Amino acid sequence: METIKILLDKCSGCGLCLKVCAYDALDLVDKKVYINERCTICGACVDVCKFDAIEIYRRSFKGQDVSAYSGICVYAEHRKNKLSSVVPEVIGAARELKKDLDKTISAILLGSGVKPLAEELISYGVDEVWMIDSLEIVDFAEDIQADLVARILMEKKPEIFLGGGTIIGRSLLPRVAAKILSGLTADCTELTIDTESKFLKQTRPAFGGNIMATILCQNHRPQMATVRHKVMKAAEKVGAGHNGKIVELHDIPIPHSKIEVLEFVEEQTETVNLAEADFIVSGGRGLKDPKNFDLIEKLSKAIGGAVGASRAAVDAGWIPYSHQVGQTGKTVNPTIYIACGISGAIQHLAGMKSSDIIVAINSDANAPIFDVAHYGIVGNLFEVVPELVKQITE
Amino acid sequence: MNIVVCIKQVPDTTNIKINPETNTLIRTGVESIINPFDMYALEEGIRLKEKHGGTVTALSMGPPQVEESLREAISLGIDDACLLSDRAFAGADTLATAYTLAAGIRKLGGADIILMGRQAIDGDTGQVGPGVAENLGITHVTDIRKIEQIDEDGTIIVERLLEDGYVRLKIKLPVLLTVVKEINEPRLPSLRGKLAAKKKEIVTWVEEDLEIDSERIGLVGSPTFVKKIFTPPKPSGGKIFQGDTREAVASLLEELKKAGITAGKKGSEDGNN
Ligand SMILES: Cc1cc2nc3c(=O)[nH]c(=O)nc-3n(C[C@H](O)[C@H](O)[C@H](O)COP(=O)(O)OP(=O)(O)OC[C@H]3O[C@@H](n4cnc5c(N)ncnc54)[C@H](O)[C@@H]3O)c2cc1C
Ligand SMILES: Nc1ncnc2c1ncn2[C@@H]1O[C@H](COP(=O)(O)O)[C@@H](O)[C@H]1O
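Taken in sequence, the protein lines are chains R and F.
The opening position of the first sequence corresponds to residue 6 in this note's numbering, with each subsequent residue numbered one higher.
The opening position of the second sequence corresponds to residue 6 in this note's numbering, with each subsequent residue numbered one higher.
Think of the hints as simulated: they come from the structure by calculation, not from any bench.
Being a predicted model, the structure only gives us computed values, none of them experimental.
Every residue gets a Cβ at the ideal spot worked out from N, C-alpha and C, and that includes glycine.
Heads up, some of the hints might be wrong.
[What the hints assert, rightly or not] Between beta-carbon pairs, the in silico distance windows are: (1) F:Glu190 / R:Ser202: 44 to 54 Å; (2) R:Asp361 / F:Ile245: 31 to 41 Å; (3) R:Val243 / F:Gly248: 48 to 58 Å; (4) F:Pro238 / R:Glu265: 44 to 54 Å.
Please construct the entire structure, taking both the sequences and the accompanying hints into account.
Quick look at the structure:
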């Protein structure tokens, strides 16, 4: 069965669809468009066609009874008995959705000695915490956690399930989705409810942030998404009037983990934890020499931020990979990102484009980094950066 | 040891630019490449084979031209390559892709270690790895930066990168690992490899070759679908300060203070913890 088709009588041969196709899967022959074998049916062309000349046929596979599902559930990621900082953001997103859905917010909390975290979740506005408190559920035993989350979701049937777009969340939720056979959208930057259909509209960057896609999961429940860290507004604590409930789930058997944790090594959080940092100062090849990373460190210290780097600086061995920002490094979302001596190659931009404020310091006024920068100084970083440090600490 | 490396052919995003006027993708000669993260997975597969023996097979799902990428994998030192290619597989989201790849791995006879990239640079999801592991019923760990050792008793010790450090884990084989760039330095193809790549027969399997449920593959087997694609709005021209360094810096700081940078305070208070 053909699943995508060009309606040749409607096609005007305008070629707009060729421009949006990232797979080179459309050919323009004699003023008509034809689809070739490279097509992945991503749907980009359908959307852009002004003549409704492209059709995608969908059949649903074994759709569930979606009406049996209700409410919004969040995954309460934590480590060392502290909620991850992404959790209030995920709850914040859930509370926004609640305004349109008017359903309860629940949270899945797994671990040992986690009761205080359940109370904290409630203080953020969660209505019901589904908790399994057991010595067997240790940090990083993701195999057990995926199993338990799937069982809870199948039993409780929330219509939406959200988790943080963290390393753990982006490993756990896909496993859960594969267990319960529902759809999962990665690293969303916007979640809204479609006013008519009440479906969850999940918007996320793809192609290194060059395009945005809005994704739906119509026939399967729960509709699942991971949420990009530091994009959604964190939930504020609610007043004492809010009554949440802790539901301990005793009947679910806990499997044995096949993952044995040998050690967790925390790296100097102040300089490396780019995911959490509000301010990031990054250095690139413009620094010319590894010892000049000193300058970057001084500036980041002066503003209480973390140190990032371009791939060129990492590949040159000036700074470890854990600092690399970009397509093959980390994706960051600080309040302020200061790029020093970084040209702004598309792969670097992929990792920092969604920062609230981007500052570029570069001697080349034509460097592409200035295209995305909110503020910039065209100048020699060896003068500008020390001057910045000086004026800040003065 | 049986090793399978899953690789995806992706458009080389280096060449993808946005036309600022029409806000559409410009694809001046977009080439297809092996997903960059998968190059590290291939390299790690070859290294494991060199050290522990066995065979390493590259597996991909995609249109027929993916054969080129599989030949490239052979030229690097991969023993065998297999392509899952059928119109019925097209339009798969991560759930359907993982299901289909897992069926391919099963048909290959399973694996002790499956290596994949941390994410593909087109979809940027990183969801296929955990999904394949679930379909095969084996353990998975993402973001591996080092394989420390593999013991006689069939366990593996790995280092997994986290936001705030790393964790060392011991897992019983079989296991599926997704790798980050830090894990190794990929080699270039050898002359012998290039010759081998030319001659190699790439096995291609269609839907009928696999034991799968036709309701769970391709577009029909995909719960998610893309409703709309658009280009993100461009930031509306930044403020650029030029000229005298001291003045430029002062003007910049003026703006940044509004965004929460507190001059002379944060650094001295929190700088060292
Ligand atoms: C598949 C793939 C994945 C990639 N992934 C990443 C990634 O994750 N992250 C990443 O960063 N890159 C990535 N890259 C590489 C990327 O394309 C660029 O090569 C890299 O970002 C360039 O780093 P840079 O800006 O530091 O160096 P350059 O491009 O060399 O830029 C240096 C800049 O410094 C400026 N400069 C020089 N001297 C001074 C001075 N005294 N004062 C002020 N400015 C000065 C120059 O004007 C120039 O703009 C990837 C590439 C590929 C192909
Ligand atoms: N069609 C495919 N064929 C083979 N491997 C794939 C395919 N899609 C994804 N993968 C593997 O899964 C990883 C993550 O991809 P993704 O989940 O699409 O970001 C990639 O690095 C590949 O190793």
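What hints, given by number in increasing order, does this structure fail?
Hint 2 contradicted; others consistent.
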